[in-house]
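Visitor: Work the whole structure out from these sequences, hints included.
Note that the protein sequences, when read in sequence, are chains Z and S. Taken in order, the first sequence gives residues 22 to 138; the numbers are from this note's numbering. Taken in order, the second sequence gives residues 22 to 138; the numbers are from this note's numbering.
Hints were generated in silico from the structure; no laboratory data involved. If you're wondering where the values come from, they're calculated on a predicted model, not measured in any experiment. Zero decoy hints are in this set.
For chains that are exact copies, the list does not tell them apart, and a pair is met inside one copy or across any two.
Straight-line C-alpha distance at most 20 Å; calculated PhoX-like pairs for lysine-lysine:
#1 92 <-> 27
#2 88 <-> 104
#3 104 <-> 67
2 protein chains.
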Amino acid sequence: MKQYTKASVPNQARIELHDILNLTGAEISVNQLAAGQEIPFVHAHKENEEIYAVLSGSGAVVIDDEKIALKAGDWIRIAPQAKRQFSAAADEGISYICIQVKENSLGNYTAEDAVIG
Amino acid sequence: MKQYTKASVPNQARIELHDILNLTGAEISVNQLAAGQEIPFVHAHKENEEIYAVLSGSGAVVIDDEKIALKAGDWIRIAPQAKRQFSAAADEGISYICIQVKENSLGNYTAEDAVIG
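Guide: Below, the structure is given as structure tokens:
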């Protein structure tokens, strides 16, 4: 069985990678919002933490009524139960990835999980 | 308790986000290799799948003796036991993220895990 799956992700509003890459430990989406656009609903999660990374542009996320400015290079971890809503800046779009993983699912990692050579 | 953790990731050779962002379901690193540079060892994993995304530049990864070219926008999922080694192109550096998650750890996700409103 092949030990890897590769995909080239095009520029589009949203692409979900779980099924494309045969992921088993995460769902990952790559997202773009145009200037002035916002996700049209607030959401939280039952079991999953989400990790967002801003690839380019700027915008904001409202988390439990606190508005947090976002720019390229920013990373943010959001607990499952927190209510969140992302938006682009009024005058600039935003591109970001969202990594969804089960909270507390990671065991050992990096040196402890690695086999060298 | 605060429901989120945010960090601005600077340009540097490597930064690991697990402890910075208080991650519980993933370890994530942001990496840069200069033109001609390669990771100086081959590695595999015991339990974790890795998902790599190329942010900019170009390079390659050797997986179990197969060399796969990489460019910005490429994503690749690598099974734990596969042997891997990343490198930048001879004439161009590469910037990439590595997401480490426990294989088969994800339960429900997106719509099934979401709470709207």
